[in-house]
Amino acid sequence: MGATVRAEDISAWYGKKLAIRDMNLEMKPNKVTALIGPSGCGKSTFLRCINRMHEVIPAARVGGDMWVGDQNVYSRGVDPVKVRAQTGMVFQRPNPFPTMSIYDNVAAGPRLSGKTRNKKELDALVERSLRRAALWHEVKDRLKEPATGLSGGQQQRICIARALAMEPGVVLLDEPTSALDPIASYKIEELMNDLKEEYTVIIVTHNMQQAARIADFTAFMLAGEDFVGELIEYADTKTIFSTPKDKRTEDYITGRFG
Amino acid sequence: MRRYRARKLVNYFGSGLALLCVMLAILPLGAMLAYVLGQGGTSLNLNFFTHLPAPYGESGGGMLNDIEGTGYLILLASCVGLPIGILSGIYLSRSTNYRFANTVRFFTDVVAGTPSIVAGVVAYALVVIPTGHFSAYSGGAALGLLMFPTVTRATEETIKLVPTSIREAALALGLPEWQAMARIILPAAANGIVTAVMLGIARVAGETAPLLFTAFGNPNLSFAPSNAVGALPLEIWKYATSPSEDLHRQAWAGAFVLFAIIVILNLIARLLTLRLTARVGTG
Ligand SMILES: Nc1ncnc2c1ncn2[C@@H]1O[C@H](COP(=O)(O)OP(=O)(O)O)[C@@H](O)[C@H]1O
Ligand SMILES: [Mg+2]
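In order, the protein sequences belong to chains P and L. So for the first sequence, the working numbering puts the first residue at 1; every next one is plus one. So for the second sequence, the working numbering puts the first residue at 1; every next one is plus one.
Derived from the structure by calculation, the hints contain no laboratory data. Among the hints, a few may not be true.
[To be verified] Dumping the calculated SDA-like pairs for lysine to any residue here, alpha-carbon to alpha-carbon at most 25 Å:
hint	chain 1	residue 1	chain 2	residue 2
1	L	K160	P	T148
2	P	K115	L	E177
3	P	K82	L	S165
4	L	K160	P	G15
5	P	K16	L	S165
6	P	K238	P	P38
7	L	K238	L	A125
8	P	K16	L	N102
Given the structure is predicted, the values throughout are model-derived calculations rather than measurements.
Modelling step: build the complete structure from the supplied sequences, incorporating the hints.
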């Protein structure tokens, strides 16, 4: 069961530069929410505010509240390490740990965070995570091989399995298919549909067709003349793509800019 | 047209000069190689590795004490230089306090460029004088001081070669910063750090000056850290400046062994670097 993610007046800075301003939106459990918008409008920045990854960049800062389930991850005394452990994140380029085997990559989170070190439990967890990432049948006979030997699409699914092994409530994906070929992308898109049964899935994409295919809800972001990203419109995907309320959304989805 | 010809002439002249300089640079290197291999190789035999020096005036004997001493000094120097070097390299690679980090880098570079005899004087003042005698550990301290800058900078550079996305993946999994470093980033940089260690050792293995008044030299095997110990470069210096033809041959043999050690260390370092770049390239 996923957790509701609710952003309240989220703003984010890189040093003195404001990157996104006053974002308010609620992302529902067991749904896929897509964040779309032209490059540089702050999609990645917003996504990284959800699991407190924004602040690992030197001098980066966040304002506002972010609720994941019934916890405000920005309230005082919350450990960002715990927040990240409860939220899975998948990046634009597949980034398996280069020195580790397929098995060790998937087991890395639970093993190193001390969640479980029991061999039997780990075996079961690795298998379950790889199955959820639709990769088990492709790799079950080569779990000891280095993960970097796999194809790009498989590596990306390893990264998904690695995130799922922490049994998070929310899965965040930042353009997970933009470095992949169409067939590998298609497999990841199919996977999104399965993942939402158990998680809150939030995906950044600059591919509108992809958002239309896989997302239940779509948020459109845009940076204005001051280069600060804002939420322009948020609705169910059908509405966004058929009858958007805002002129700028319509311009974007009809390809008039971006 | 005239200007074109003049330019061509200058071009020829410049290229010729550059080529000449390259020759002048290679020539001494080639001469050194030929000499060390020729003279040293022919003077070398098994006794060199298994025997102590022959009493003065007799021929034969070896440099077992000095080989042992050099190994021992490298070990002691590593105990000082490697922890300082590796830890400060890790610190520099992650530091966001740019001013402080740059100050540290500056002083590291200054130490790296310091004449080695200065390190010897420092070890003499801080260790030999207070303890009242020459010792292996004072030699180790002097060499450790010379070793750490190489290790610091190479460690920092290697860690920076590991893509940020790997670190972010580790942090996003919910690993604390130190664990991301120790369990994910350092293993990915392991080859490069071993390379750094090799280069650091190669940097000090042939040092003579700082040992003159610290390790001092010892004609016998010695394993006590508070005793003076022998070292290959010290013995080479002593033999090469003696009048005996036999001792000259021993000095050549010693030079050959020292040279071989440093070439091997550098080769290992180079091979590991190649493997590292290959892996980071696909990772
Ligand atoms: N590490 C960073 N340091 C400084 N500015 C950044 C950094 N990352 C992103 N930005 C800036 O923040 C803005 C939003 O970037 P980003 O969230 O990556 O946009 P998107 O993912 O929509 O393409 C851009 O103007 C970008 O230049
Ligand atoms: Mg982005």
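In rising order, the numbers of the hints this structure does not comply with
The structure breaks none of the hints.
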